[in-house]
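This is what each chain is made of:
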Amino acid sequence: MGYTFTKEENDRIRASFPLLANRDIIYMDNAATTQKPVEVMEAWRKYYEHDNANPFRGVYGLSVDATDAYEDSRKQVADFIGAASSGEIVFTRNASESVNLLAASLCEQILEQGDEIIVSIAEHHSNFLPWQQAAKRYGAKVVFFECEEDGSFRAEKLKSLINDKTKILAITHLSNVLGRVNDIKEFARICHENDVLISVDGAQSVPHIPVNVKELDVDFLQFSGHKMLAPMGIGVLYGKEKLLDKMPPYMYGGEMIETVTRENATYAELPHKFEAGTVNVGGAVALAAAVRYYNELGFETIMNRERALTKAAMEKMKSIDGIKILGSDDPKEHEGIITFITDGVHPHDVAAIMDAEGVCVRAGHHCAQPLLQYLYDIREKKYAGGISTTRVSLAFYNTMEEVERMAEAVAKIRPEMGII
Amino acid sequence: MAERTFYNEVLTDHNLHPDNKYQLKDPNRVKEGVNPSCGDDIILQLKYNDGIIEEASFVGEGCAISQASADIMINLVIGKTKEEALKLSDIFLRMIKGEASDEEIEELEEGGALKDISHMPARVKCAVLGWRTLDEILNEDE
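Chains G and W, in that order, give the protein sequences.
Heads up: the first sequence begins at -3 in the working numbering, then just goes up one per residue.
Heads up: the second sequence begins at 154 in the working numbering, then just goes up one per residue.
Among the hints, erroneous ones may be present.
[To be verified] Below are the DSS-like pairs computed for lysine-lysine, each with C-alpha atoms no more than 30 Å apart in a straight line:
#1 K278(W) / K235(W)
#2 K174(W) / K320(G)
#3 K278(W) / K250(W)
#4 K155(G) / K210(G)
#5 K181(G) / K161(G)
#6 K278(W) / K408(G)
#7 K200(W) / K178(W)
#8 K71(G) / K236(G)
#9 K408(G) / K235(W)
#10 K408(G) / K268(W)
#11 K408(G) / K250(W)
#12 K320(G) / K278(W)
[Said to hold, decoys possible] Label pairs and their calculated CB-CB ranges:
#13 V163(W) / R19(G): 50 to 56 Å
#14 P274(W) / K71(G): 53 to 59 Å
#15 D20(G) / V163(W): 44 to 50 Å
#16 R19(G) / D203(W): 52 to 58 Å
#17 S315(G) / E256(W): 46 to 52 Å
#18 V163(W) / N18(G): 31 to 37 Å
#19 E259(W) / E45(G): 44 to 50 Å
#20 R247(W) / D68(G): 56 to 62 Å
#21 P189(W) / K153(G): 55 to 61 Å
#22 S148(G) / V183(W): 49 to 55 Å
These aren't lab readings, by the way, just hints derived from the structure by calculation.
It should be emphasised that the depicted structure is a prediction, and the values quoted were computed from it without experimental measurement.
Every residue, glycine too, gets a C-beta built ideally from N, C-alpha and C.
Just chain G, same shape as in the assembly (with noise of 0.2 Å):
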């Protein structure tokens, strides 16, 4: 029963983790940001130390070997996720990006009047507004995919809403208020027969379980790597290579054009005809040490471990009175993210206390608040703090006395707030 953690493997793993030393703190805002592993860090420095140059650029050899740790860089995360090619990978700074690219250069090629494009309920503003925009600017309509009261989206539900004027499915397949894994393989076949296109958030999918595009048959997926144990500054957009291929360029400027004249100019082969500019290199370098980071520890201890952590933290948390854990009851519909009320106390004075104790979760509205609005609506009519909630992401480098310490400091939030 259960998932054991020795000290040899929390050792061998928290060696790596520098900030979870230096800070006497138990980190548990891993779906906002994770800490960066050394592994990672050093390969960034060993890049400016050894290889930097403008890549693609310089016909010297040390522009060669900066061009090719970026390339080597987006084929090791091509592979990681089972891309076709590397060049099904267009590197930008975060998910919000890839998705502010795809949905400005797929609906300026695809989108007309009338047209709609159906996002779930539970979408991070990123995966939202860039395709609000950009049916506002094309006349199209955005159609919204409601989950029920635990979270889960019915295959049933998708297919009612799609008909002849669809062109795109917006979804996450891991919900960063939730924690629930949509069953995206199923929705993208239903898409499919349809003729919608479906683009995939990873956002907290890619960092906390195997995603193999080609088995979902997605036709794009967006993350970022600051979410994954890579720098900030560095992100995916993965797309069909037929259709990015048929895409507009998003921005414009050096490096991803082939010819340009006074009047007109050709682009670049893919992916390079959407990173415009001199490309972050030393972040894709380090993304592909993150990757390598997860290849040698594995999606098997991480998953036990990461779900073993949430198991005993939502019995802790579920044991105390006045706190109510949003979405499924079961650990494993919540991968690590677990978003709670507290009865009476305002998220922001819970992550206060909190925070006093040494815990550092995340309050507010999660960046997700159609989503909280809609929960609201449905079930908690009222409660302090409005559709505000706080969460608690976990992640493989925390530990069962980290979660102890957690759940204690839950539990001292309303008789220190003077409610008993």
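Guided by the hints, dock chain W onto chain G, whose structure is given.
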């Protein structure tokens, strides 16, 4: 370790049992104060005549700090002139920045319970929401 929690009894009591959180009958000055990033949202209501705050109340939603601070503020400013209220507001805002003297803080009575917010930059906006809204309301054109 982070700062010890500052949720003292004065603060939690005003949060759980506010004296002044209700709809005022026929207010002649009403102003909404909002912290968009954290969702604190209060509506301050005054009966303000001849330069004097005759009655005041608030309604709204927010964290304990924003709610308690607004409640304490209203206790302090009822019956005060515009000038007296603005002076208290000035002391409060300076207290939050850690710039007010002990004598000044005494003038704030229970408002002094929020002194330690000066160590919590993330919560300053919550503490000053009521006072900021009061400043705006009083500085509206007569």
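(request) Take the C-beta atom of S148(G) and the C-beta atom of V183(W), compute their distance, and say whether it sits inside 49 to 55 Å. (result) 43 Å, violated
(message) Checking one constraint from the list: CA of K408(G) to CA of K250(W), max 30 Å. Satisfied?
(response) With a Cα-Cα distance of about 29 Å, the restraint between K408(G) and K250(W) holds, given a limit of 30 Å.
(message) Does the beta carbon distance between P274(W) and K71(G) stay inside 53 to 59 Å, or does it fall outside?
(response) Given about 44 Å between the Cβ atoms, the range is violated.
(message) Holds or violated: K71(G) and K236(G), Cα atoms, limit 30 Å.
(response) 15 Å, holds
(request) Look at the Cβ atoms of D20(G) and V163(W) and judge whether their distance stays inside 44 to 50 Å. (result) 29 Å, violated
(request) Given the hint that K155(G) pairs with K210(G), test it: the Cα-Cα distance must not exceed 30 Å. (result) 22 Å, holds
(request) Mind checking the alpha carbons of K278(W) and K235(W) for me, to see if they're no more than 30 Å apart? (result) 23 Å, holds
(message) Please check whether S315(G) and E256(W) have a Cβ separation lying inside 46 to 52 Å.
(response) About 49 Å separates the Cβ atoms of S315(G) and E256(W), which means 46 to 52 Å holds.
(message) Need the status of pair K408(G), K235(W): alpha-carbon distance at most 30 Å?
(response) With a Cα-Cα distance of about 41 Å, the restraint between K408(G) and K235(W) is violated, given a limit of 30 Å.
(request) Could you grab the alpha-carbon distance between K174(W) and K320(G) and see if it respects the 30 Å cut-off? (result) 27 Å, holds
(request) Could you check the hint for me, namely that R19(G) and D203(W) are 52 to 58 Å apart, CB to CB? (result) Distance hint for R19(G), D203(W) holds at roughly 56 Å.
(message) Tell me if the straight-line CA distance from K278(W) to K250(W) falls inside 30 Å.
(response) 11 Å, holds
Against the hints set out earlier in the document, violations occur for numbers 9, 13, 14, 15, 19, 21, 22.
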